[in-house]
Amino acid sequence: MAELSRRGLLTGSWKKPAIPFRPPWSGDEHHFVDHCTRCNACITACETRVIERGAGGYPEVNFSNGECTFCYACASACPQALFSTRETTPWHYRIAVNDSCLARHQIECRSCEDTCETRAIRFRPTLSGTARPEIEPADCTACGACIAGCPASAIQMRNHDER
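Numbering (the numbering used here), first residue to last: 70 to 232.
Hint data in this document are derived by calculation from the structure and do not stem from the laboratory. As the structure is a prediction and not an experimental result, all values here were calculated from the model. Note that beta-carbon positions come from the ideal geometry of N, C-alpha and C, so glycine has one too.
Computed beta-carbon distance windows for the label pairs: (1) V102 to L196: 47 to 53 Å; (2) G198 to A150: 53 to 59 Å; (3) G198 to N134: 33 to 39 Å; (4) A124 to N228: 15 to 21 Å; (5) R193 to P220: 18 to 24 Å; (6) P194 to R227: 22 to 28 Å; (7) N134 to R179: 20 to 26 Å; (8) H100 to H174: 40 to 46 Å; (9) A165 to H99: 23 to 29 Å.
Whenever a hint applies, use it, and build me the whole structure from the sequences.
Right, dumping it as C-alpha coordinates:
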(Lines of atoms letter the chains of each structure in order from A and count residues from 1; the text may use other names and numbers.)
(Lines give C-alpha, C1' and ligand atoms only; values in the text may rest on other atoms or scores of the structure.)
Protein backbone atom coordinates (compact mmCIF):
# COMPACT_ATOMS: atom_id res chain seq x y z
CA MET A 1 0.00 0.00 0.00
CA ALA A 2 1.23 3.50 -0.80
CA GLU A 3 2.40 5.71 2.02
CA LEU A 4 -0.49 7.69 3.44
CA SER A 5 0.12 11.44 3.50
CA ARG A 6 -2.18 14.24 4.64
CA ARG A 7 -2.78 15.15 1.03
CA GLY A 8 -3.59 11.54 0.19
CA LEU A 9 -6.03 11.37 3.07
CA LEU A 10 -7.83 14.55 2.00
CA THR A 11 -7.91 13.79 -1.72
CA GLY A 12 -8.86 10.14 -1.30
CA SER A 13 -5.83 8.88 -3.23
CA TRP A 14 -5.51 6.05 -0.72
CA LYS A 15 -8.62 4.45 -2.17
CA LYS A 16 -8.47 1.75 -4.82
CA PRO A 17 -8.29 3.54 -8.19
CA ALA A 18 -11.46 3.34 -10.24
CA ILE A 19 -11.42 1.62 -13.59
CA PRO A 20 -11.88 4.37 -16.18
CA PHE A 21 -14.92 4.47 -18.40
CA ARG A 22 -13.88 3.49 -21.90
CA PRO A 23 -15.76 4.52 -25.05
CA PRO A 24 -19.05 2.77 -25.80
CA TRP A 25 -18.84 -0.59 -27.55
CA SER A 26 -15.20 -0.98 -26.47
CA GLY A 27 -15.95 -4.09 -24.42
CA ASP A 28 -13.57 -5.71 -21.97
CA GLU A 29 -11.14 -3.31 -20.27
CA HIS A 30 -8.12 -5.59 -20.53
CA HIS A 31 -8.69 -6.49 -24.17
CA PHE A 32 -9.21 -2.84 -25.05
CA VAL A 33 -6.03 -1.63 -23.32
CA ASP A 34 -3.98 -4.54 -24.68
CA HIS A 35 -4.92 -3.75 -28.29
CA CYS A 36 -5.50 0.01 -28.36
CA THR A 37 -2.66 1.81 -30.13
CA ARG A 38 -3.60 5.20 -28.60
CA CYS A 39 -3.94 6.74 -32.04
CA ASN A 40 -6.62 9.21 -30.83
CA ALA A 41 -8.95 8.44 -33.74
CA CYS A 42 -11.88 7.81 -31.40
CA ILE A 43 -11.12 10.99 -29.44
CA THR A 44 -11.05 13.08 -32.61
CA ALA A 45 -14.25 11.49 -33.93
CA CYS A 46 -16.30 12.06 -30.77
CA GLU A 47 -19.00 14.60 -31.65
CA THR A 48 -19.68 15.64 -28.05
CA ARG A 49 -16.03 15.59 -26.91
CA VAL A 50 -16.72 13.31 -23.95
CA ILE A 51 -13.89 10.99 -25.00
CA GLU A 52 -10.53 12.34 -23.97
CA ARG A 53 -6.99 11.12 -23.55
CA GLY A 54 -6.70 9.49 -20.14
CA ALA A 55 -4.04 7.78 -18.07
CA GLY A 56 -1.38 6.18 -20.21
CA GLY A 57 -2.80 7.90 -23.29
CA TYR A 58 -5.78 5.55 -23.52
CA PRO A 59 -9.20 7.00 -24.38
CA GLU A 60 -11.58 7.56 -21.48
CA VAL A 61 -15.09 8.96 -21.25
CA ASN A 62 -15.42 12.07 -19.09
CA PHE A 63 -19.09 12.69 -18.40
CA SER A 64 -18.39 16.08 -16.85
CA ASN A 65 -17.76 17.24 -20.43
CA GLY A 66 -21.29 16.29 -21.48
CA GLU A 67 -23.16 13.24 -22.64
CA CYS A 68 -22.63 10.39 -25.05
CA THR A 69 -25.07 10.44 -27.98
CA PHE A 70 -24.15 6.88 -29.02
CA CYS A 71 -23.41 8.12 -32.53
CA TYR A 72 -20.90 5.27 -33.07
CA ALA A 73 -18.35 7.67 -34.59
CA CYS A 74 -15.67 6.60 -32.11
CA ALA A 75 -16.06 2.95 -33.05
CA SER A 76 -16.20 3.68 -36.78
CA ALA A 77 -13.00 5.72 -36.59
CA CYS A 78 -10.93 3.04 -34.85
CA PRO A 79 -8.42 1.47 -37.25
CA GLN A 80 -7.93 -1.52 -34.93
CA ALA A 81 -11.52 -2.84 -35.05
CA LEU A 82 -11.60 -2.96 -31.25
CA PHE A 83 -15.25 -2.07 -30.94
CA SER A 84 -18.32 -4.31 -30.99
CA THR A 85 -21.01 -3.87 -33.60
CA ARG A 86 -23.53 -1.09 -33.16
CA GLU A 87 -26.35 -3.60 -32.66
CA THR A 88 -24.88 -4.71 -29.32
CA THR A 89 -25.29 -2.90 -26.00
CA PRO A 90 -22.87 0.06 -25.92
CA TRP A 91 -21.86 -0.55 -22.31
CA HIS A 92 -23.07 -1.99 -19.05
CA TYR A 93 -23.28 1.04 -16.82
CA ARG A 94 -25.98 2.54 -14.67
CA ILE A 95 -26.30 5.78 -12.76
CA ALA A 96 -26.54 6.17 -9.00
CA VAL A 97 -27.37 9.21 -6.90
CA ASN A 98 -25.21 9.67 -3.81
CA ASP A 99 -25.87 11.48 -0.53
CA SER A 100 -24.59 14.84 -1.76
CA CYS A 101 -27.79 15.21 -3.82
CA LEU A 102 -29.36 18.55 -2.96
CA ALA A 103 -32.87 17.06 -2.84
CA ARG A 104 -31.70 14.69 -0.10
CA HIS A 105 -30.80 17.80 1.91
CA GLN A 106 -34.24 19.40 1.49
CA ILE A 107 -33.08 21.73 -1.31
CA GLU A 108 -35.28 21.76 -4.38
CA CYS A 109 -33.26 20.78 -7.45
CA ARG A 110 -34.28 18.87 -10.54
CA SER A 111 -31.31 19.46 -12.81
CA CYS A 112 -30.80 15.78 -13.49
CA GLU A 113 -34.44 15.28 -14.43
CA ASP A 114 -34.30 18.27 -16.77
CA THR A 115 -31.27 16.92 -18.64
CA CYS A 116 -32.49 13.33 -18.93
CA GLU A 117 -33.89 12.93 -22.43
CA THR A 118 -35.29 9.46 -21.78
CA ARG A 119 -37.01 10.59 -18.55
CA ALA A 120 -35.27 7.83 -16.58
CA ILE A 121 -34.98 10.18 -13.59
CA ARG A 122 -38.23 11.17 -11.97
CA PHE A 123 -38.92 13.05 -8.77
CA ARG A 124 -41.40 11.60 -6.35
CA PRO A 125 -42.96 13.68 -3.57
CA THR A 126 -42.03 12.84 0.01
CA LEU A 127 -43.57 13.64 3.36
CA SER A 128 -40.72 16.09 4.04
CA GLY A 129 -41.94 18.23 1.14
CA THR A 130 -38.89 17.98 -1.11
CA ALA A 131 -39.21 15.48 -3.94
CA ARG A 132 -36.35 13.01 -4.32
CA PRO A 133 -34.93 11.47 -7.47
CA GLU A 134 -35.79 7.94 -8.47
CA ILE A 135 -34.10 6.17 -11.34
CA GLU A 136 -35.94 3.87 -13.69
CA PRO A 137 -33.16 1.50 -14.84
CA ALA A 138 -35.11 0.25 -17.86
CA ASP A 139 -35.29 3.80 -19.26
CA CYS A 140 -31.68 4.82 -18.51
CA THR A 141 -29.26 4.66 -21.43
CA ALA A 142 -26.28 5.70 -19.23
CA CYS A 143 -25.54 8.60 -21.60
CA GLY A 144 -24.17 10.74 -18.75
CA ALA A 145 -26.21 13.89 -19.43
CA CYS A 146 -27.37 13.98 -15.82
CA ILE A 147 -23.79 13.89 -14.52
CA ALA A 148 -22.73 17.08 -16.28
CA GLY A 149 -25.98 18.78 -15.25
CA CYS A 150 -25.78 18.04 -11.53
CA PRO A 151 -24.63 21.08 -9.50
CA ALA A 152 -23.69 18.90 -6.51
CA SER A 153 -21.77 16.18 -8.41
CA ALA A 154 -24.17 13.70 -6.83
CA ILE A 155 -24.59 11.39 -9.81
CA GLN A 156 -22.08 8.69 -10.57
CA MET A 157 -21.75 6.15 -13.32
CA ARG A 158 -21.22 2.58 -12.14
CA ASN A 159 -20.93 -0.85 -13.65
CA HIS A 160 -24.23 -2.77 -13.50
CA ASP A 161 -22.86 -5.19 -10.92
CA GLU A 162 -21.25 -2.49 -8.72
CA ARG A 163 -23.11 -1.35 -5.61
